[in-house]
Amino acid sequence: MEGYIVSLIIFTCIFALFSLGLNLQWGLTGLINFGHVAFMAVGSYVVVILTLPGYLKEIPTQLLDEFNWMQETPWVAAGLQSLATILPQQIPLIGAVLIGACTAAGLGVLAGVATLKLRTDYLAIVTVGLSEILRSIALNEEWLTKGTFGIQRFPLPLSTLNPNVIMRMGMIVVLTIVLGLALWHQWQWAKRTMRSASAQALLRSSSLLLGYLGSLLGVVVMVGWGSQQLKASAAISNGVTGAFLIGAIALLIGLYRWVWLTWMSSLPALTEGTALITSITVTGLSLWLYGYGSSAIYHYDRNPTKTGLMWISVLLVALTFWALQRLSNSPWGRVLKAIREDETVATALGKNVFWYKLQSLMLGGAIAGMAGALYAWQLTTVYPDNFRPIETFNAWTIVVLGGAGSNVGTLIGAIIFWAYQTLTRFILGDVIPLNDAQIGAFRVMLIGLLLMGLMIWRPQGILGNKEELTLDR
Amino acid sequence: MIDKPTSQHPPENDALASASVESPHHMPAADSLDPATALLSAAGLSKHFGGIKAVQQASIHVPHGSITGLIGPNGAGKTTLFNLLCNFLTPNEGTVTFDGDVIHMRQPHEIAQLGMVRTFQVARVLSKLSVLDNMLLGAQQQSGETFWNVWFRANRVRHEEQHLRDRAIDILESVGLAPMAHAYAGALSGGQRKLLEIARALMVKPKLVLLDEPAAGVNPTLIQQMCEYIRTWNAHGTTFLIIEHNMDVVMSLCDRVWVLAEGKNLAVGTPHDIQTNPQVLNVYLGIDNEPKS
Chain A
1 MEGYIVSLII FTCIFALFSL GLNLQWGLTG LINFGHVAFM AVGSYVVVIL TLPGYLKEIP
61 TQLLDEFNWM QETPWVAAGL QSLATILPQQ IPLIGAVLIG ACTAAGLGVL AGVATLKLRT
121 DYLAIVTVGL SEILRSIALN EEWLTKGTFG IQRFPLPLST LNPNVIMRMG MIVVLTIVLG
181 LALWHQWQWA KRTMRSASAQ ALLRSSSLLL GYLGSLLGVV VMVGWGSQQL KASAAISNGV
241 TGAFLIGAIA LLIGLYRWVW LTWMSSLPAL TEGTALITSI TVTGLSLWLY GYGSSAIYHY
301 DRNPTKTGLM WISVLLVALT FWALQRLSNS PWGRVLKAIR EDETVATALG KNVFWYKLQS
361 LMLGGAIAGM AGALYAWQLT TVYPDNFRPI ETFNAWTIVV LGGAGSNVGT LIGAIIFWAY
421 QTLTRFILGD VIPLNDAQIG AFRVMLIGLL LMGLMIWRPQ GILGNKEELT LDR
Chain B
1001 MIDKPTSQHP PENDALASAS VESPHHMPAA DSLDPATALL SAAGLSKHFG GIKAVQQASI
1061 HVPHGSITGL IGPNGAGKTT LFNLLCNFLT PNEGTVTFDG DVIHMRQPHE IAQLGMVRTF
1121 QVARVLSKLS VLDNMLLGAQ QQSGETFWNV WFRANRVRHE EQHLRDRAID ILESVGLAPM
1181 AHAYAGALSG GQRKLLEIAR ALMVKPKLVL LDEPAAGVNP TLIQQMCEYI RTWNAHGTTF
1241 LIIEHNMDVV MSLCDRVWVL AEGKNLAVGT PHDIQTNPQV LNVYLGIDNE PKS
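Protein chains in written order, with this note's numbering: chain A, 1 to 473; chain B, 1001 to 1293.
Read the hints as simulated data drawn from the structure, not as lab findings.
Don't take every hint at face value.
[Unchecked claim] To be clear about the criterion: a stretch of chain B counts as covered by chain A if any three or more of its residues have a C-beta under 8 Å from a C-beta of chain A, and this derived list gives those stretches:
hint	stretch
1	1140-1147
2	1151-1163
3	1180-1190
4	1231-1238
Backbone N, C-alpha and C define an ideal beta-carbon position, used for all residues, glycine too.
Whole structure, please, built from the sequences with the hints as guidance.
Shown next, in the form of structure tokens:
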């Protein structure tokens, strides 16, 4: 369990980081980037190529083997051979990550110069193409990427570390500080939100809300349990189980929606109650995860690679989040928002729109590049197939779910996305009368369905601002 | 007394002549109409869209400290001329000089940075930003608009932001929008949006503001106020070039009016001249007042 939770935290952090980059580009600047995974791929490959001992040195030789004309042209051959002697065996991890992020930013410049003069929808198409071109290159240029064989056994961060008690305590303290700051901000927000309600109304609305959500959870678990029993018993056909499940879900949605519309939605101090319940849930959940995380660090030698990676990931997400939050609320962020709203106005007010868009692409790309490094370390192998367009759309799901333009929303979106991935992986197979291949497809369908529901009932996402959507231009 | 620009007679010479003859008390000095000393000076501007010649050989000169009007019937090419002046559209021919710089090859944002700001015919406020943020966006050379400064020079950025906030609130107060400072700009009424757009242009600390129909769709009371504001800002040294259909506004505000018809200069003169100019009446009302030869 602990190992699984640690791995889950890492995945959540990777996708949070990846999506934060996209949120900067799309949520803040309005650039429709459907090729975000390209930045991640570049980050992954650069880090891996630079850190695998001896790999970088071999590239010139590989090139000579690959292309005959290089061997036949004396000055190219000589140049490559001397390059092989100059190139270092490997580069320290931190340096490699920085170079990887810079290369991803460079890709942003390349993509930007080529496409930013295009209107938004064309940019979207070009970026999809870009990410697929990059994947094809990774697939075919074996001298650089080993193609479908992939690259393995590259060094992982902190994996050879054998920290003594003091170091481990230090790592836990850092984690505690991050969590403390996050919860402090959460409760500051809750306090601000709840200020407008009287204690009595708050108590009433929050307890009713707790009852509503708690009973919903209970009934859902019961339906799931019932379905599981039906599926397990050989006497009952899958059709009956399916009918039971669909009927029960339809009934539940109808009932709870009716209750919501009749009593809950008109409750005084509902927003405040929601804030309270949310804060309590977030606190409970994060403390639970923190327990596993700190226990994993305390028993560092049980699983040194994952534990070290988890610590780094959490730290990197926290730092990036903080940096982006500053940016979003700064004059710089204001210019990006203005460009998102109306480029012409930004130009008329003396802002160099092209340069700001380029900065946004570069910075978002660099963040995705760092996410790529973490991704490579988490998977411990790098294949071109890790970077299919679906990863881009997962990031889009996360950003849309959380609310475009909101960094906090993006973090929450990442957490919900991975909670969904995990829960459905373990539970759905037992509950729904489908075979494993069907379940896999069904999970993706369900995400589509959830997104459709979100677009209909809460188009602004979880933390988005409804008021902003309804404003005319 | 009526100017009729032709290719042999550039309009500014006639304008010069008429100004020196009339020179009412509020008129700028005659030499300020000289293109060499004008704040903004465009000569021989042309713009073609395919076969359509939207603007042909148009010229305009805006003296320092003046309020200059630009009128003409619908489709005369006034807004296109504005776009050419700010280089939102690149002219096919002609030159634009602003405050000693030749600007028709510059990027539009550079032109704004030089101190020449425009507004739009349909007010373009950034709806999803607050009124205050709309205003702050107008300020030039903010150190906080460079992203590393946000991280590494946080104090300077905060200090500057506070200063700009004060200035923005001052301007908003002067136009009566201060109570709305923290509302979304999208929540403003049409007239308030026009005001916000002008106020935002002033945040640039411009030398010249180009207003495209500031009074269009604005109620009469607000129009009066708007004229007052423009006069006040003009008295503080901002030059204005105004496209306007509302003749009362043009007549009460402008020192000098340029008339454009079918993309060409038709006339230039004091508001009084223009009002009695038979050619202008002709293009506006279709009355043929020209003496038959």
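Consistency of the hints with the structure:
no.: 1; hint: 1140-1147; verdict: holds (count 6)
no.: 2; hint: 1151-1163; verdict: holds (count 4)
no.: 3; hint: 1180-1190; verdict: holds (count 3)
no.: 4; hint: 1231-1238; verdict: violated (count 0)
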